[in-house]
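Protein chains in written order, with our numbering: chain R, 26 to 128; chain G, 88 to 246.
Any given hint could be a false lead.
[To be verified] In silico lysine-lysine, BS3-like type, Cα no more than 27 Å apart, as pairs:
| hint | chain 1 | residue 1 | chain 2 | residue 2 |
| --- | --- | --- | --- | --- |
| 1 | R | Lys92 | G | Lys135 |
| 2 | G | Lys235 | G | Lys128 |
| 3 | R | Lys57 | G | Lys128 |
| 4 | G | Lys229 | R | Lys101 |
| 5 | G | Lys128 | R | Lys44 |
Honestly, the hints are just simulated from the structure, not real lab data.
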Amino acid sequence: MGGPMKIRASIMDGVTEVKVLMQHEMETGLRKDSEGKLVPMWIITELKAQHKGKTVLEGQFGPAVSKNPYLVFRFKGAAKGDKVSFTWADNRGDTRSDEAEIS
Amino acid sequence: MKQEMNLNRRKALKTGGGLGLLGLLGAVGLLGPGLARAEWKKDAFEAKTLDEALAALGVIAPENSAAIHLSVPEIAENGAVVPVTVASSLSRIEQISILVDKNPNLLAAHFVFPEGTQGFVTTRVKMGQTAMVIALVKAEGKFYRVSKEVKVTAGGCGG
Chain R
26 MGGPMKIRAS IMDGVTEVKV LMQHEMETGL RKDSEGKLVP MWIITELKAQ
76 HKGKTVLEGQ FGPAVSKNPY LVFRFKGAAK GDKVSFTWAD NRGDTRSDEA
126 EIS
Chain G
88 MKQEMNLNRR KALKTGGGLG LLGLLGAVGL LGPGLARAEW KKDAFEAKTL
138 DEALAALGVI APENSAAIHL SVPEIAENGA VVPVTVASSL SRIEQISILV
188 DKNPNLLAAH FVFPEGTQGF VTTRVKMGQT AMVIALVKAE GKFYRVSKEV
238 KVTAGGCGG
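Make a model of the complete structure from these sequences and hints.
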C-alpha cells in the first residue's frame, strides 16, 4: 500500500476546495537505470474523490504527472465537518484511500 | 502432446492472473459498475501525436475560448515539476484534459467533473523540453482548447 496522502479541505462561500498530495514515484517507464535498463512504468492511473458517497471528481493520470502528484479541485454542496475521501489506484494494482474533514 | 498441455497450462495461468488483478480492483470498489466508463484511457495516454490524442479522447473540433484560463509558468527551471491550473467560467464543465505537445506521450492527466464540481483543477506535470501546454475542456458537449508555451531550462524526463 502506498504512503498516506495529505488532504486539506476547506469551505468558503459554499465552495469546498480540496488539496491532495499523494505519495507515488510516478515512474514514466522511459527512464533507464545505471545499468542502462529501462525502469518499468509505475504510475497512479485512476483517482476518485467522494463526498457522502457521491463522486465529486474522477481522474486519470499518465506518466507525465509529476512524482508525488498534487491536485486541487473545488466542488459545491458540502458543509463544514463533512468528510471528503480520496482514492487512487496504480498500474501495479496497488491502491490507497484517505479522508479529511472539511474545515 | 506434453508440450501442448504445458502451453495450455501457461495460458490458464495467464488468464487466471489477469482475473486475479481485476478481482482485487473490483473488491476495492475502484472498478465498480459506476467506474467502468472511467477505465484508464490507454489509447489516449499512449498517443504520440496531438491528432492521435484528440481522436482517442473523442475530441471534435475544439474551439478557442477566452472563458478558459490556463495558468502555467512562463519559464520552468525544473521540468519535473511544472504547475498547471485550468479554470473556466463556462457553465457545466464535464471534462478537462492536460497535454504537453512535446512529451513522448502527450496526455498528462484527464479529469471528469460531476455536476456540482467546478471547472477548476490544479496539478503538476513533467516536461521534457520547452513545449506547449494544452488544456482541453468539454463543456455542455462542446470542446474547447487553449494552449500556452512553457520554456523549460532543465528537462523532467531524464535520469
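Outcome of the hint check:
no.	hint	verdict
1	Lys92/R - Lys135/G	holds, 21 Å
2	Lys235/G - Lys128/G	holds, 24 Å
3	Lys57/R - Lys128/G	holds, 25 Å
4	Lys229/G - Lys101/R	holds, 23 Å
5	Lys128/G - Lys44/R	holds, 24 Å
Consistency note: the structure conflicts with none of the earlier hints.
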